[in-house]
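Peer 1: What follows is each chain in one-letter form.
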Amino acid sequence: MPRECGSRPAAHVLNARKAGFVETYQLTINGEKKQVTADPSTPLLWVLRDDLKMTGTKYGCGVAACGACTVHVAGVATRSCVLPIALLGDRPVLTIESMSSDPIGRVVQNAWVSEDVVQCGYCQSGQIMTAVALLKTTRTPTDTNIEESMGGNLCRCGTYVRIREAIKVASRQLAGGGR
Amino acid sequence: MTSAVQATSRRGFIKASALAAGGLMVTLYLDSPSAASAQGGTPPPAHIYPPDAFVRILPDGTIAITVNRLEVGQGMQTALPMILAEELDADWTHVVGQLAPAGDVYKDPVIGVQLIGGSCSILDSFQQYRELGARTRAMLIAAAADRWGVGADQCRADKSVVYGPGNRSARYAELAEGAARRPVPAVVQLKDPSQFRLIGTWVRRIDGRAKCDGSQQFGLDLNLPDMLTALLMRPPIFGARVRGFDDRNARNVAGVREIFEVPLVAGSAVAVVANGFWAAKQARDRLAVDWDVSGIEHPDSVQLFAMYKELAGTPGTVAVSVGDAQVIDRIPAPDRIHAEFEFQYLAHAPMEPLNITVRNDRDRAEAWVPSQIPGWEQTALAEVLGIKPEQVTYHVLFAGGSFGRRGTTDSHFVREAAAIAKRLPGRPIKLMYTREDDMTSGYYRPMFVHRVDVGIGPDGLPVVWKHMIVGQSFVLGTGVPQEAVLVKNGVDQLVIEGTADSPYATPNVHVSVHQPKVNVPTLSHRSVGYGHNSFVRETLIDELAMRAKTDPIAYRLNLLKPDAKKFRTSLTLLDQQSAWRHRLPADHASGIACSQYNGTCVACAVDVSIGNGRLRIHRATVAVDCGLAVNPLSIESQMHGGLIFGLTQVLARGAITLKDGRVEQRNFDGYTPPYIKDAPMTVDVHIVPSSDPPTGCGEPPVPVIAPAVANALSALTGKRYRTLPIATI
Amino acid sequence: MSPRTALLLVVIGVFSTRSLLQAGPQTPSRVEGLAAWNRVYSVVSSPRCINCHTATQYPQQGDDRHRHLFNVVRGPSNAGVVGLNCGTCHQSSNADSTGVPGAMHWQLAPLSMKWQDAADRVLPSPQVCRIIVSEAKRHHLDLVQHHAEEALVRWAFQPGLRNDGTPRNTPPLTHEQFVDATRMWVAAGSPCPER
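Residue numbers (the numbering used here), protein chains in the order written: chain A, 39 to 217; chain B, 51 to 779; chain C, 934 to 1128.
Excised from the complex, chain A in its bound form (with noise of 0.2 Å):
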């Protein structure tokens, strides 16, 4: 049985170029511009939630397995855990705070609060932006458009049979022409 045993960092990780080098970027959060000085690796999720103190996006797993740090990055459904701030670009971001405001994310929210979706909630951020993208493109979903868009979306306290539900809510609501 050893005696001891040692945490060593990887080897690229000593070789890297010093951390901390920072980087001033200009940004485009929920239609706003936004300047931000940060490591270029800086995931997106953590320059919205320690550096602009926008914590509506979650941090659940950092490596996107959960879905919990979803956005919009023009206007695709990005998990901002995995992106460094450096690959950013210019492309615009929309969060969750943005959706009371985006005719379909108020639908989206509405269907959530009348199914009564949340249970701890944490989530929650994260499925309304992928359920948000998945209703943009396809304005009625099957069950299966339903499995697929959501299927790497990760709710412990497993409240997906009500996220199945208020999708078709919101969508029936769309397709009538609701608001």
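Since the hints were made in silico from the structure, they are not lab data. Values in this document were obtained by computation on a predicted structure and should not be read as measured data. Mixed in with the good hints there might be a few duds.
Unchecked claim - Once the Cα atoms are required to be at most 27 Å apart in a straight line, the calculated BS3-like pairs of lysine-lysine come out as:
hint	chain 1	residue 1	chain 2	residue 2
1	B	K615	B	K516
2	B	K538	B	K611
3	C	K1047	B	K727
4	B	K611	A	K174
5	A	K174	A	K72
6	A	K206	B	K727
Assemble the complex: chain A is given as a structure, and chains B and C must be docked to it using the hints.
Peer 2: Frame of chain A; chains B and C shown alone:
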């Protein structure tokens, strides 16, 4: 309906005060146990708690109700205010719920500890919150009656308004200040359930909207001026100690403030404190640490299972002995079943990892925590900082789930944060766990081996049930307050629950345990002992039913003990609601299971098929007997959620395993909970109509899904599934 | 040997030598072409390439080529489905600080370019060869240029860091060697081995 208003006795002292800006703050002493009845009044309180606030009526009509429980998703921040608002006759649309900080008055009135756990919130605080509402209402009516010079019995209240004779009316908001000066009644009348207008209806969660628009703040979201973020580099093997570390590369990271060793409950770790999460993580990734692992057991799952199986063959501590278990030797082999079951360690993996923010002001401290057991944690924090608990203000924030992970008996994460804050006084320090920390830091649902021998009588019913359970107890020998309650004759009840309290009548029962000490910290995990015991019980019962060529629900109903009332009601309702199981397509099968938890019984039927070697659950029907259904909408959500949570241990990567001392899973890629495609397509929930006192719903549904699914799979494949996760169907 | 024979041999030798000296355009033999194909196959059947040339509704990941986690699926245009696109996580270059590989147009190869069977087994060399030959012809694709310049192909040789900070394994040849092998194989007439 009269309400008796009496001057407060010394023992029944209740204090009310007017807020500076107007409003009524009602502080009520609570009894343990309290027992008001709808007909009579309340008996004098048995205990007196120091003052604190439960209800505030603000001038704008807002009624802020303080909830003595952490909101983890189970819906207490809505249910308890509902209960209070019902008796208060409040306008529900103006009710807000707030989470109580640590405080004696917020203790669970039955358990005497401020906590959530054991699905006890409704069970223990239903009566309490009804009384709170009724007392407040009585004071408001008395104030109105006084103002109008009429009798209180000439007044009535509805939706935050008191109405008097003629066209008199006054809003609660106007009356609050006057009510605050009145004596608080020791005796109040509670509504007859037939008068309920809120309780028993489908009420949407108060926190629903905020959790949909990003505005709900969880513990991890807290941002305070001057706040720093801390991460711990934990030992790779539980209990190892830091021998030394090289932080030269770590200190190169911009934004890093401090790096130092801190003690853990077992062993030690290196704390990295920085301006924000990413800087802390970058720095931690650049740490080189030498660990001293001498004298520490290196747990290994494969070795542990081998050890457990060996133990299972030796006599253990007897937990239950009824009749004569030796009877089994006289039962012919074809009428005996011998079964061995294996269950792995399970992680809780709440979506929001552990976090706590502490500011150490030397002779005082303040903390913000999604806290499951605030009082104990407040004490632990004070202890490490060297101050008194009353010098610690302990705020409770919303939690992104818990499933038991935040309910530690050793308050380990609080002690860790305190050790860091001790070193860095004067500013808030947020200690957070990454998902990797959460996955590898221990405190799992223990692994278990069960060995069962069942002897079957000529009528197809079990005659003898011999059951050995091997697995860790996280209570035995720890000296925690719960130990005296939970450990009986050397057996931790949490290890045997589901088996020892089986609802099935069997003349000869012998249950014994081995509770080995293993170097893996373990903890309560949603549904605790039922999670594995109910699996064993319900799959074996199913096998018996199949042998007896009897419908699995009918078999169970026939076998139930006479006093298993809620099992009977829930199974009967399930039978009525699951006629579909007799009409399934050829490649589908149904499976049945039932379980209990702290007074609630759940019965479940699933419709399952296998596609491409993968499990597909088409439907689950659930019948639950939880006494009076306070909020059926919420109960339904817990049935949905509990089933899906309980699926984790069935799925291929639903296990924590250790190899050579190290946890093998680091993130959701290694420990993979159910995603939407793993969940049942539909779940229909049926609640047994009941006027019994309400019991909880957070944990009861969890244990039923794994055996129901296994039983359905057995019907499809002919195999019996005795090892979870089910690796190959 | 008569003077005429000797002169003939010299002339033949000179012409042969001239052919050898003009080695660029000289056609490699079938044997050489098959050997070059083997080298090409060694790359295309390696995880960095074959993980996205599946016959199924999902990509693979890792050196053990397990099914890509998190329930990602092919989708109607081989780029995932809305809400869970390939681009939901994969950017146009490697994200080394977070361990996610990236390149322009990150997506699955179409099913017509599957190099595995429905059971996730790598197809044998002759079959893959025939698929590449026929697809290249169908799309009028200059394979040498494709292998030299296509972003996703180039990515395989600079696949970035994993989440734990260690570098991903590269194919058995360098990019340059792979392009050379492709050139040789194409020059030999893209011969495929017998089944």
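Peer 1: Give a verdict on every hint.
Peer 2: Cross-check of the supplied hints:
{"no.": "1", "hint": "K615(B) with K516(B)", "in the structure": "holds, 25 Å"}
{"no.": "2", "hint": "K538(B) with K611(B)", "in the structure": "holds, 23 Å"}
{"no.": "3", "hint": "K1047(C) with K727(B)", "in the structure": "holds, 26 Å"}
{"no.": "4", "hint": "K611(B) with K174(A)", "in the structure": "violated, 56 Å"}
{"no.": "5", "hint": "K174(A) with K72(A)", "in the structure": "holds, 26 Å"}
{"no.": "6", "hint": "K206(A) with K727(B)", "in the structure": "holds, 16 Å"}
Taken one by one, the earlier hints fail for this structure only at number 4.
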